[in-house]
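There are 4 protein chains.
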Amino acid sequence: MTIDSDFKACALELIEAGRFIHARGWVPATSGNFSARLGDGRIAITVSGRHKGTLGLEDIMLIDGEGHALDGKKPSAETLLHTAIYRRYPGVHCVLHPHSPNATLVSRLFGEELVLEDYELLKALKGVATHETRIVIPIFPNDQNIARLADMVDAYLDRHGEIYGYIIAGHGFYTWGSSINDALRHVEALEFLFDVEMRLHGIRRDRT
Amino acid sequence: MTIDSDFKACALELIEAGRFIHARGWVPATSGNFSARLGDGRIAITVSGRHKGTLGLEDIMLIDGEGHALDGKKPSAETLLHTAIYRRYPGVHCVLHPHSPNATLVSRLFGEELVLEDYELLKALKGVATHETRIVIPIFPNDQNIARLADMVDAYLDRHGEIYGYIIAGHGFYTWGSSINDALRHVEALEFLFDVEMRLHGIRRDRT
Amino acid sequence: MTIDSDFKACALELIEAGRFIHARGWVPATSGNFSARLGDGRIAITVSGRHKGTLGLEDIMLIDGEGHALDGKKPSAETLLHTAIYRRYPGVHCVLHPHSPNATLVSRLFGEELVLEDYELLKALKGVATHETRIVIPIFPNDQNIARLADMVDAYLDRHGEIYGYIIAGHGFYTWGSSINDALRHVEALEFLFDVEMRLHGIRRDRT
Amino acid sequence: MTIDSDFKACALELIEAGRFIHARGWVPATSGNFSARLGDGRIAITVSGRHKGTLGLEDIMLIDGEGHALDGKKPSAETLLHTAIYRRYPGVHCVLHPHSPNATLVSRLFGEELVLEDYELLKALKGVATHETRIVIPIFPNDQNIARLADMVDAYLDRHGEIYGYIIAGHGFYTWGSSINDALRHVEALEFLFDVEMRLHGIRRDRT
Chain A
458 MTIDSDFKAC ALELIEAGRF IHARGWVPAT SGNFSARLGD GRIAITVSGR
508 HKGTLGLEDI MLIDGEGHAL DGKKPSAETL LHTAIYRRYP GVHCVLHPHS
558 PNATLVSRLF GEELVLEDYE LLKALKGVAT HETRIVIPIF PNDQNIARLA
608 DMVDAYLDRH GEIYGYIIAG HGFYTWGSSI NDALRHVEAL EFLFDVEMRL
658 HGIRRDRT
Chain B
458 MTIDSDFKAC ALELIEAGRF IHARGWVPAT SGNFSARLGD GRIAITVSGR
508 HKGTLGLEDI MLIDGEGHAL DGKKPSAETL LHTAIYRRYP GVHCVLHPHS
558 PNATLVSRLF GEELVLEDYE LLKALKGVAT HETRIVIPIF PNDQNIARLA
608 DMVDAYLDRH GEIYGYIIAG HGFYTWGSSI NDALRHVEAL EFLFDVEMRL
658 HGIRRDRT
Chain C
458 MTIDSDFKAC ALELIEAGRF IHARGWVPAT SGNFSARLGD GRIAITVSGR
508 HKGTLGLEDI MLIDGEGHAL DGKKPSAETL LHTAIYRRYP GVHCVLHPHS
558 PNATLVSRLF GEELVLEDYE LLKALKGVAT HETRIVIPIF PNDQNIARLA
608 DMVDAYLDRH GEIYGYIIAG HGFYTWGSSI NDALRHVEAL EFLFDVEMRL
658 HGIRRDRT
Chain D
458 MTIDSDFKAC ALELIEAGRF IHARGWVPAT SGNFSARLGD GRIAITVSGR
508 HKGTLGLEDI MLIDGEGHAL DGKKPSAETL LHTAIYRRYP GVHCVLHPHS
558 PNATLVSRLF GEELVLEDYE LLKALKGVAT HETRIVIPIF PNDQNIARLA
608 DMVDAYLDRH GEIYGYIIAG HGFYTWGSSI NDALRHVEAL EFLFDVEMRL
658 HGIRRDRT
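Protein chains in written order, with the numbering used here: chain A, 458 to 665; chain B, 458 to 665; chain C, 458 to 665; chain D, 458 to 665.
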């Protein structure tokens with residue numbers, strides 16, 4: 458009962474998050490995937506290939522911390538990117554992967570990282586208390602080998618410490634939080650910053 | 458009965474698809490047209506000149522595989538582009554023609570084709586399994602003679618084999634799928650890619 | 458009764474049109490104004506200074522063909538631009554004046570006219586049967602003296618014959634139709650064309 | 458009773474304003490804050506850190522004219538910017554602070570002020586009767602010390618007299634009005650003008 462109701466509550470929040478994220482154009486077609494860690498360590502995650510704007514309960518499944526299906530369904534191909542974040546950060550209870558035009562454009566216009574400075578909205582990122590800060594969003598090359606991609610992210614985190622999210626080139630971005638609302642706040646903040654940086658880039662390029 | 462219920466189910470899905478596509482600004486005014494092939498080979502298609510955001514059952518009609526009206530209504534002027542796709546691809550059950558600003562801009566900025574490479578979202582196109590692929594979207598000149606336009610598309614397909622969609626210059630694009638949802642997924646994916654390519658084009662032009 | 462019900466039907470359509478146009482961002486704040494000609498020649502028009510996204514029946518009033526209030530309310534300051542169109546074109550039953558960012562940008566980027574060619578969507582304009590046409594949208598300088606502005610429009614129409622709409626610089630555009638739906642179709646089509654032309658202008662400027 | 462019902466009526470209007478402003482993308486994440494002055498001089502203001510698109514009654518609190526909480530809740534960190542405006546302008550009953558991409562871009566592209574001229578939409582600002590006017594929107598550097606920021610705004614207003622709003626660099630803008638609807642009209646008008654100016658800036662830069 459408790460277990461089931463915990464899953465159902467999380468799944469309903471993910472469904473609602475999907476509707477919100479799709480309505481803004483950030484998970485077109487069947488792109489993106491979302492997950493939430495339950496109280497007992499199991500992870501609710503979107504089933505592979507479902508449309509994120511019209512998720513139903515049957516489109517959310519359960520996996521364990523290593524990414525193995527617990528209910529016979531097929532999880533997202535990128536499950537290992539989710540479990541890697543949960544393993545590293547015990548306080549994280551939600552991982553969201555939108556696939557937006559702005560994140561894709563940023564990955565084409567900038568090199569290995571996007572540096573965000575002097576934005577009040579950086580304070581929407583957990584623990585940031587002033588705009589006078591320097592937040593780096595790394596951009597990793599895309600790879601269909603998700604285990605290899607997860608290792609690259611892990612190696613980066615070993616070297617650089619905590620980050621708020623990362624972009625996979627031509628693919629979208631990952632961010633997370635201590636709750637679904639926390640992660641959604643990061644999605645909105647990063648989307649805003651990608652939008653502004655991308656538009657500035659086009660205009661500034663003319664000057665030089 | 459069965460025949461009627463098959464038509465009605467398809468028509469309701471096309472009505473819903475129209476609402477979705479119009480809400481995103483991809484079929485302004487009375488532009489665009491949509492169709493779905495029924496189990497018995499007949500085709501449900503939008504009546505000529507109707508607004509795609511507010512379709513009712515009376516705005517969907519039946520034609521045969523050659524594009525002749527089966528119920529006395531007047532089908533879209535571009536009916537032959539739909540029937541040509543159904544004739545060529547037996548597995549296709551839906552053809553959608555949005556008329557979006559981005560598709561129009563792409564046709565003005567690029568020449569005879571748009572080449573899409575290194576986008577994760579290419580995997581939303583049926584049968585594409587990796588971003589490391591090269592998808593060509595041909596751009597055909599617009600023509601009010603639809604039979605001639607259909608012949609041009611057919612000749613291209615004879616030479617180049619299967620494609621996922623094409624743009625008619627200054628006019629919009631065609632895409633299709635094995636179901637209405639399949640075709641809608643292609644619409645969302647191609648719109649995303651047109652948007653990104655169009656914005657990159659404006660920025661890159663400054664460099665050279 | 459009949460008179461009242463004719464007014465009420467028109468007013469409800471204008472209210473609905475306002476909701477649609479505002480939702481797309483084309484009548485921000487209290488900008489824009491809308492009217493419809495009733496069967497008996499009187500004109501239903503938006504009251505001065507009302508928000509077009511949340512119109513109620515009390516925000517629509519009646520004027521005669523010369524723009525005089527018939528019910529003690531104060532019509533839009535631009536009423537004479539509406540009556541001038543109704544006087545010239547007996548078949549016109551609706552005049553819409555959106556105030557969109559794209560129309561404003563077009564008026565800043567282009568000179569005295571915007572020339573639209575080779576767009577399939579031109580066929581959404583009444584009587585246009587092919588993209589191979591050349592439609593001119595004149596751009597008039599803004600003027601707080603509406604009688605003088607109306608004279609300028611009239612003089613232009615005397616010289617150039619029928620047009621589908623015009624832009625007032627830094628202000629928005631006027632278009633019309635034989636019904637509210639007709640005029641709305643023109644709004645959607647012109648907005649699409651302004652959007653595309655404005656974005657092309659920014660990109661092409663880099664070339665030359 | 459009266460006191461409570463005055464608070465509740467204002468709070469419900471602020472909740473509705475938040476939904477509207479968030480839906481347009483102008484208060485992403487938990488950015489922005491809103492307030493309204495009640496008949497007795499107390500001020501209803503959003504609680505610190507709440508999401509403005511999904512405000513409930515519990516997210517609106519009461520402060521006095523100096524910004525002290527009257528109900529034990531924690532008001533927005535920027536409360537002193539609200540009270541400074543109410544102190545200066547007795548006729549103002551609402552202060553809105555959206556945090557939009559366009560206001561942020563304007564603050565990066567322009568220097569210490571944005572000059573708005575020759576826009577019909579300037580007439581949406583209270584007391585402006587013609588487009589032939591020159592409205593200055595000052596841009597202040599961002600500062601986490603809100604008392605210091607409020608002093609800077611005050612000093613500017615002492616020197617320059619009444620303005621319609623101001624931008625805080627990388628942060629968003631403030632505007633106000635004699636009612637919530639008045640302030641919302643200013644939000645819509647300024648957003649329109651920021652959007653147009655920002656897009657023109659990108660295009661014009663190419664010319665020079």
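Bear in mind the hints are in silico, worked out from the structure with no lab data behind them.
Hints may be right or wrong, so weigh each one.
Said to hold, decoys possible - With a straight-line Cα cutoff of 20 Å, these simulated SDA-like cross-link-like pairs (lysine to any residue) come out:
no., chain 1, residue 1, chain 2, residue 2
1, C, Lys530, C, Val585
2, D, Lys583, C, Gly506
3, B, Lys583, A, Lys583
4, B, Lys531, A, Arg507
5, B, Lys531, C, Arg476
6, D, Lys583, C, Arg507
7, C, Lys465, D, Glu589
8, A, Lys531, B, His508
9, B, Lys465, B, Leu495
10, A, Lys583, D, Lys531
11, C, Lys531, D, Lys531
Predicted, not measured: the structure shown is a model, and the values here were computed from it.
Consistency of the hints with the structure:
1. Lys530(C) / Val585(C): violated (39 Å)
2. Lys583(D) / Gly506(C): Distance ~12 Å between Lys583(D) and Gly506(C) Cα, so the pair holds.
3. Lys583(B) / Lys583(A): violated (39 Å)
4. Lys531(B) / Arg507(A): violated (37 Å)
5. Lys531(B) / Arg476(C): Since the Cα atoms of Lys531(B) and Arg476(C) sit roughly 31 Å apart, the hinted pair is violated (cutoff 20 Å).
6. Lys583(D) / Arg507(C): Distance ~14 Å between Lys583(D) and Arg507(C) Cα, so the pair holds.
7. Lys465(C) / Glu589(D): Violated, because 37 Å separates the two Cα atoms, which is more than 20 Å.
8. Lys531(A) / His508(B): violated (40 Å)
9. Lys465(B) / Leu495(B): holds (10 Å)
10. Lys583(A) / Lys531(D): holds (18 Å)
11. Lys531(C) / Lys531(D): Since the Cα atoms of Lys531(C) and Lys531(D) sit roughly 46 Å apart, the hinted pair is violated (cutoff 20 Å).
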